[in-house]
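Undergrad: For chain V, the structure is supplied; the task is to place chain R on it using the hints.
Taken in order, these protein sequences are the chains called V and R. When the letters of the first sequence are read in order and numbered with this note's numbering, they come out as residues 1 to 292. When the letters of the second sequence are read in order and numbered with this note's numbering, they come out as residues 293 to 532.
No lab work stands behind these hints, which were simulated from the structure alone. Just so you know, these numbers come straight off a predicted model, no measurement behind them. Just to be clear, a hint being listed does not mean it is correct.
[What the hints assert, rightly or not] The calculated DSBU-like cross-link candidates involving lysine-lysine, where the alpha carbons are at most 35 Å apart (straight line), are:
#, chain 1, residue 1, chain 2, residue 2
1, R, K523, V, K25
2, R, K501, V, K25
3, R, K463, V, K25
4, V, K211, V, K70
5, V, K25, R, K512
[Unchecked claim] Cβ-to-Cβ under 10 Å is the rule here; a few derived chain V residues that face chain R:
#, residue
6, G34
7, A41
8, N116
9, W227
10, Y239
11, P244
All C-beta atoms, glycine included, are put in the ideal place defined by N, C-alpha and C.
Given next are the chains, with one letter for each unit.
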Amino acid sequence: MFAHCADPSTLEGFAWLACYLTNGKHMLFYGSFGTVLLLLAITAPVSLAFGFAGAVASRSHIPPVAWIGKLYTSIVRGVPDIVFFLFFVIALDQGIEWLRHQAICPDWTEPVRQGNDFVVCPEAKMPLSTAPQSIHEIYNFTLAVFTFAIVFGAFAANVLYGAMNAVPRPQLETAHAYGMNDRQTFWRILVPQMWVYALPGLGNLWMILIKATPLLFLLGVQDIVYWARELGGSKTAIYAYPHPDWRLYYFLFLLVFYLAFTRVSEVVLERITRKLSHGQATAAGEAMRREA
Amino acid sequence: MNKLILSTAALALSAGFAVAQDVVRMGTEGAYPPYNFINDNGEVDGFERELGDELCTRAELTCEWVTNDWDSIIPNLTSGNYDTIIAGMSITEERDEVIDFTEAYFPPDPSVYVAMAEDVDVAGGVVAAQTGTIQASHVASTGATLVEFATPDETVAAVRNGEVDAVLADKAFLEPIANEDADLMIIGDDVMLGSGIGIGLRESDAELKATFDTAIQSMKADGSLNTLIEKWFEGMTGPY
Chain V
1 MFAHCADPST
11 LEGFAWLACY
21 LTNGKHMLFY
31 GSFGTVLLLL
41 AITAPVSLAF
51 GFAGAVASRS
61 HIPPVAWIGK
71 LYTSIVRGVP
81 DIVFFLFFVI
91 ALDQGIEWLR
101 HQAICPDWTE
111 PVRQGNDFVV
121 CPEAKMPLST
131 APQSIHEIYN
141 FTLAVFTFAI
151 VFGAFAANVL
161 YGAMNAVPRP
171 QLETAHAYGM
181 NDRQTFWRIL
191 VPQMWVYALP
201 GLGNLWMILI
211 KATPLLFLLG
221 VQDIVYWARE
231 LGGSKTAIYA
241 YPHPDWRLYY
251 FLFLLVFYLA
261 FTRVSEVVLE
271 RITRKLSHGQ
281 ATAAGEAMRR
291 EA
Chain R
293 MNKLILSTAA
303 LALSAGFAVA
313 QDVVRMGTEG
323 AYPPYNFIND
333 NGEVDGFERE
343 LGDELCTRAE
353 LTCEWVTNDW
363 DSIIPNLTSG
373 NYDTIIAGMS
383 ITEERDEVID
393 FTEAYFPPDP
403 SVYVAMAEDV
413 DVAGGVVAAQ
423 TGTIQASHVA
433 STGATLVEFA
443 TPDETVAAVR
453 NGEVDAVLAD
463 KAFLEPIANE
473 DADLMIIGDD
483 VMLGSGIGIG
493 LRESDAELKA
503 TFDTAIQSMK
513 ADGSLNTLIE
523 KWFEGMTGPY
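Here chain V stands alone, though its shape is the one from the complex (with noise of 0.2 Å):
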């Protein structure tokens, strides 16, 4: 990166280190952190929403999309992450790609699994393999962003069933009495007033989620656990730095930012368990009015 690090096996002692630090892997280190940060920010709101639809279907009069929303929580939730993980990801790459074939290449004579291989036409491999690495790796993370969706999705459904439940039902008659129709009752009773109760297994939750993100790595996507692996791995002198078994160091460093990243999350979370308790029928919610 800078110029005098040309020749790293002249430098000494910091020059060195601040060479080693800066070069081009580490870089896409630091970078890494980014795609973790990405992903946790795509990855809260979109599993809020499908925990949001999961726990609205399951609440739902008609017996069918009941069936469905506990269908959904109850057996993602009963699958270990790794399984989900690593099953889903392959089947939902393979199920795109066949529909993909069978939309695009209808003439292709040739079975779709040969023993253990699994053939689709070239222009219905998703991505095409002629686009760049970057697009395969968009991919990759979309579809890991859309799995852990689907898998938090699934937790957060439950805590908002539970918190719908726990609204007190006075509060809803109150709403009928007034003349409210279901559906006004359920956006301006109901949901405003669930959040107090979901918070703290919401919290619970992106607490978990920010702890998976290292399942990345299983996904193919390369995260902070895959460089830091591969760069606290030793070097020999095939490296421009060469240096012994670091994997320590750079694992001592994950730890204290996911130790600094939860603080910062477990702070951020009192605020807004203070901000919702205003004002709410509940013991948080009382002892605050007496407060003030």
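TA: Chain R alone, transformed into the frame defined by chain V:
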């Protein structure tokens, strides 16, 4: 905005119809120097990078490099995430049942044991090897206790921290490590395993296999493969 998305999608689809199979995605591990590794700029580097690029030039293919973990490198080939495995993979009967190999571009490389002391009992002790390698099956057959690791680097780290008595891996990988670390040494004689290293391909990809076979033969014929082997593997004379 919707129009924009639609037209982009239409563009992507129409571009899709025009594809000829001329981009080959080369799958490698990126953790096994000098065969293949990620260099300090974050790019795939090593003997196989240079070899693969040269083969692609000769076969007039556009090649793109992809890294994948070793333990899932065969499943991801068969499911079509990339088109070749060029990752120091020895040709064995078990693998040949699942995928196809080109002819060998590297002779059977002897494997060696590396340990912290000369007197380690490699036949009865605890020996590390990378998961799913020919070395792992060899250790399992010797009566030693096999401990498997996902990456080559972890197998060596296990010797350093005393978790295992020795590690078995390709000599070309272990030799520089043993030379640079005063605590580690190669013990015993070379162990001959496998029948050379080839490029792994899907069994349904006969055409690509033929293309690479021709390119490898042409590199063997004009001696450029020997030159490449001598460049990356110190002290080795080109066998072809």
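Undergrad: Hints the structure violates: just list their numbers, smallest first.
TA: Hints 6 and 7 are the ones this structure does not satisfy, whereas the remaining hints hold.
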